[in-house]
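Engineer: What follows is the residue order along each chain.
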Amino acid sequence: MPRTGVFLCHCGSNIAGTVNIDQTIEASRNFPGVVHVDEYRYLCSEMGQDIIKKAIEDNNLDRVVVGTCSPRMHENTFRKAAAEAGLNPYLLEVANIREHCSWVHKDMEEGTPKAIALLRAAAAKVALNEALEAPKLEVEKRALVIGGGIAGIQAALDIAEAGYPVDIVEREPSIGGRMAQLEKTFPTLDCSACILTPKMVEAAQHPNINLITYAEVEEVNGFVGQFDVKIKQKARYVDPVKCTGCGICWEKCPAKAPSEFEMGLAKRKSIYVPFAQAVPMVPVIDKETCLYFRKGRCQICEKECPPQAIDYEQQDEIIERRYGAIVVATGFDQMDPSIYGEYGYGQHPDILTGLEFERLFNASGPTGGKVVRLSDGKPPKKVVFIQCVGSRDKARGMNYCSKICCMFTAKQAILLKEKLPDAKSYVFYIDVRTAGKGYEEFQRRAAEEYDVAYLRGQVGKIFPEGDHLVVHGVDSLSGKVVDIKADMVVLSAASIARADAPELGRKIGINTDSYNFFNEAHPKLKPVETHTAGIFIAGACQTPKDIPDTVAQASAAAVKAVGLLSKEMLQGEACTAEVDEAECSGCLHCVAVCPYTAIDAKEIEERYGDGTLKRTVAEVNPALCQGCGSCSAICRSGSINQKGFSNEQILAEVDAICLQR
Amino acid sequence: MTASNEGSRLIDEMKAQSGQDPADCYQCAKCSAACPVTAAMDLLPHQVIRYLQMGLEEELSNSKTPWICASCFTCAARCPRDLDLARMMEGVRLTVLRKREGNKFGPADLTPEQLEKLPQQALVSGFRKYNK
Ligand SMILES: Cc1cc2nc3c(=O)[nH]c(=O)nc-3n(C[C@H](O)[C@H](O)[C@H](O)COP(=O)(O)OP(=O)(O)OC[C@H]3O[C@@H](n4cnc5c(N)ncnc54)[C@H](O)[C@@H]3O)c2cc1C
Ligand code: SF4
Ligand code: SF4
Chain A
4 MPRTGVFLCH CGSNIAGTVN IDQTIEASRN FPGVVHVDEY RYLCSEMGQD
54 IIKKAIEDNN LDRVVVGTCS PRMHENTFRK AAAEAGLNPY LLEVANIREH
104 CSWVHKDMEE GTPKAIALLR AAAAKVALNE ALEAPKLEVE KRALVIGGGI
154 AGIQAALDIA EAGYPVDIVE REPSIGGRMA QLEKTFPTLD CSACILTPKM
204 VEAAQHPNIN LITYAEVEEV NGFVGQFDVK IKQKARYVDP VKCTGCGICW
254 EKCPAKAPSE FEMGLAKRKS IYVPFAQAVP MVPVIDKETC LYFRKGRCQI
304 CEKECPPQAI DYEQQDEIIE RRYGAIVVAT GFDQMDPSIY GEYGYGQHPD
354 ILTGLEFERL FNASGPTGGK VVRLSDGKPP KKVVFIQCVG SRDKARGMNY
404 CSKICCMFTA KQAILLKEKL PDAKSYVFYI DVRTAGKGYE EFQRRAAEEY
454 DVAYLRGQVG KIFPEGDHLV VHGVDSLSGK VVDIKADMVV LSAASIARAD
504 APELGRKIGI NTDSYNFFNE AHPKLKPVET HTAGIFIAGA CQTPKDIPDT
554 VAQASAAAVK AVGLLSKEML QGEACTAEVD EAECSGCLHC VAVCPYTAID
604 AKEIEERYGD GTLKRTVAEV NPALCQGCGS CSAICRSGSI NQKGFSNEQI
654 LAEVDAICLQ R
Chain B
-18 MTASNEGSRL IDEMKAQSGQ DPADCYQCAK CSAACPVTAA MDLLPHQVIR
32 YLQMGLEEEL SNSKTPWICA SCFTCAARCP RDLDLARMME GVRLTVLRKR
82 EGNKFGPADL TPEQLEKLPQ QALVSGFRKY NK
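Listed in order, the protein sequences are those of chains A and B.
Be aware that the first sequence starts at 4, since it is given in the numbering used here, and climbs by one per residue.
Be aware that the second sequence starts at -18, since it is given in the numbering used here, and climbs by one per residue.
Accuracy of the hints is not assured; some may be wrong.
Unchecked claim - According to the in silico footprint, chain B covers these stretches of chain A (three or more CB under 8 Å from chain B):
(1) 398 to 412
(2) 456 to 467
Unchecked claim - Using 30 Å as the maximum straight-line C-alpha spacing, the simulated BS3-like pairs for lysine-lysine come out as follows:
(3) A:Lys510 to A:Lys563
(4) B:Lys80 to A:Lys464
(5) B:Lys45 to B:Lys98
(6) B:Lys(-4) to A:Lys483
(7) B:Lys85 to A:Lys483
(8) B:Lys80 to B:Lys110
(9) A:Lys397 to B:Lys(-4)
(10) B:Lys85 to B:Lys110
Source of the hints: derived by calculation from the structure; they are not laboratory data.
Glycine included, C-beta positions come from ideal geometry on N, C-alpha and C.
Based on the sequences and whatever the hints tell you, model everything.
Structural biologist: Encoded structure:
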């Protein structure tokens, strides 16, 4: 017979107001195995915990039931107290007589018998509890950052500064992300490259940071503290150790292809670095357009390269490495606005997206920094900006607000006026949304000092007429139809998730929302955590955001990762599932329902008659098991049990409530 | 002009007729920008919805716009809130007609022969407009 102690908490009047404590104490004395009963106003207080500890020692208790608030609140507090008194913490059970009882009932008549029933159930269960040990898990003291935009760079720098090694896996040949494509940045108009390039260089030179560019994550296995990751390093066909980045190869290369970095508005060579400040300054050969790979002739780069760094035989490589924490920072894309037939995007060279227009300002961009019409090279006199193209549009686009367009449009209109003082900007908007430090002031400056005309309304169609693009829209405030003879049109295309985000999410075990952005664990209180322990998110891969928010979130994700890496050991889950191999029939229904892929099939050999017999059973990996109980619920033969919540324990609870009224 | 957004009969009936809720509109005016016949309208399409939102029954009953509407459905195709403004225009027209024209005729006013010979569509359309 166990020696069980029952302790009741009044929780001020939270419990005592609806549960008659004296009656409950008397009833508890009669539960099987109960040898000691006590009560206190606030059991979770230091004094309260001391009462429990002392009672365990004085009365030689080997089981404890506390009748208190929800175990989500204080189970850990009481288990720690029990452990301090020398009791295995899993020999303590919480009967939730607050949330499940006193808070949902109005009077003692109802509250008291229910509290007694819940306590009786807990006492019946605890009699069957076994001492459990939470496994200790080692932490690999290295982080992986996926995506080398400003979010990934910032997160990596912060983790590296805290003293831990970090690998950045970037899909493109260079780190930098979208910020590298920007000219100036709102709301202060500092040049994007001037503030980004030093960070890129710092990342490349940091002794704790290892850049793995032109690479992608293939597979992630394992769990918090020990993620086993396979990374595919795509062949560059250039030896990064020998290459000096002199640029002779891309100067001499005769083959051209549309530049991804310039959004197809300019050409690059087949051997190329995406932009002039690329990090690392090591080119890649694009096999699809390279003359040698296509036709077997050329090899000019090989002949011209002074340090003989070209290597056409290079193969894709798989890097396998273990990481303690992962930060996902894969950023965003712009929606292709050609589905909006009325805007004619893709049918006229002077109708551009915001990102394409941004490139026209850049000295190394497709026009060498001249803002001109791509149709005839003339500077525009009138530019019409259209907001919410694909944003706030539940019919044909995304239901959300892309958040950055109001600001980058104001920025581009200001930059336009500075470059071309004769030019006039018009902005069709639904609402101007500029919450943020210095943002409203910035947008008002565009309207007040830079002569930008804001028209509240939308555009119905755009059609070419002679040299112009006629923009037919409505100003809803005056109720007037407006036709603007524009020279250029800029569409604020929605910021959307990367097309491969759901696939990447599946590989690494985190989920995406209905728009394919990665889900945070809690919209307010866990903004950088995911539902998978040890995996964090940062930047525009979570939802569209600007650089200040991206950097803040990246530093937050870094702190979370560092917090994890700084632990010597992690405590795993003690209440994991356990297979009774003798009873398991090997149907493996449990494998299908386990959300953590913690169950595998295993072959066992058994003596059968004179010989042996091989058969399949389920095997639980306790490091992956989170103790959710799905498997024990589905198991037809009842041969998977969850420790601490076995079928016997749960039935004992049910019996205690139902049979002993 | 008095504005109220409670208990307008016009709006309730228009909602029932069209299955559309003017509250879903955020007044971007895309419909007005898309509409091919705004030149002849006294209220722009998005203003019709605004008037519905504000319960301006009188003004709407006197507006030419619902009658100018060509039911081309361009507005419906473009609306980012997935509202079918063309249906709402039809709802307004029906509601105004019913109110103005009263109870002209119903099934009981027609002979069995007429009921049999007249096209079903014409009958249904006639009853919707002229029978309360
Ligand atoms: C036209 C325009 C103008 C803007 N102007 C401003 C401005 O003035 N001020 C401001 O604050 N913000 C501005 N922004 C917003 C700014 O671009 C973003 O806030 C910022 O780029 C977000 O950074 P990020 O690192 O999260 O994402 P990104 O910049 O998108 O970087 C993500 C990186 O991850 C890589 N990646 C993606 N998928 C994978 C994968 N599967 N594996 C490995 N790597 C991957 C990408 O190649 C990229 O390098 C503007 C945006 C636009 C479109
Ligand atoms: S590959 Fe050779 S030629 Fe090309 S940049 Fe590197 S060192 Fe220069
Ligand atoms: S297009 Fe739709 S949301 Fe915009 S004003 Fe017209 S009805 Fe309202």
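Engineer: Check whether the Cα positions of Lys80 (chain B) and Lys464 (chain A) lie no farther apart than 30 Å.
Structural biologist: violated, 37 Å
Engineer: Taking 8 Å as the C-beta cutoff, is the stated coverage of the region 456 to 467 of chain A by chain B satisfied by three or more residues?
Structural biologist: holds (count 6)
Engineer: Next pair to validate is Lys85 (chain B) with Lys110 (chain B); report whether the Cα-Cα distance is within 30 Å.
Structural biologist: holds, 9 Å
Engineer: Tell me if the straight-line CA distance from Lys45 (chain B) to Lys98 (chain B) falls inside 30 Å.
Structural biologist: Distance ~35 Å between Lys45 (chain B) and Lys98 (chain B) Cα, so the pair is violated.
Engineer: Straight-line Cα separation of Lys510 (chain A) and Lys563 (chain A) no greater than 30 Å?
Structural biologist: Holds: Lys510 (chain A) and Lys563 (chain A) sit about 21 Å apart, inside 30 Å.
Engineer: Hint check: Lys85 (chain B) vs Lys483 (chain A), CA-CA at most 30 Å. Holds or violated?
Structural biologist: violated, 39 Å
Engineer: When you check the alpha-carbon spacing of Lys397 (chain A) and Lys(-4) (chain B), does it fall within 30 Å?
Structural biologist: holds, 20 Å
Engineer: Take the C-alpha atoms of Lys(-4) (chain B) and Lys483 (chain A), compute the straight-line distance between them, and say whether it is at most 30 Å.
Structural biologist: Roughly 27 Å separates the two Cα atoms, so the pair holds.
Engineer: Count the residues of the region 398 to 412 of chain A whose CB lies closer than 8 Å to any CB of chain B, then report whether that count reaches three.
Structural biologist: holds (count 3)
Engineer: Are Lys80 (chain B) and Lys110 (chain B) close enough, with their CA atoms no more than 30 Å apart?
Structural biologist: Given that 30 Å is the threshold and the Cα spacing comes to 9 Å, the pair holds.
Of the numbered hints listed earlier, those contradicted by the structure are 4, 5 and 7.
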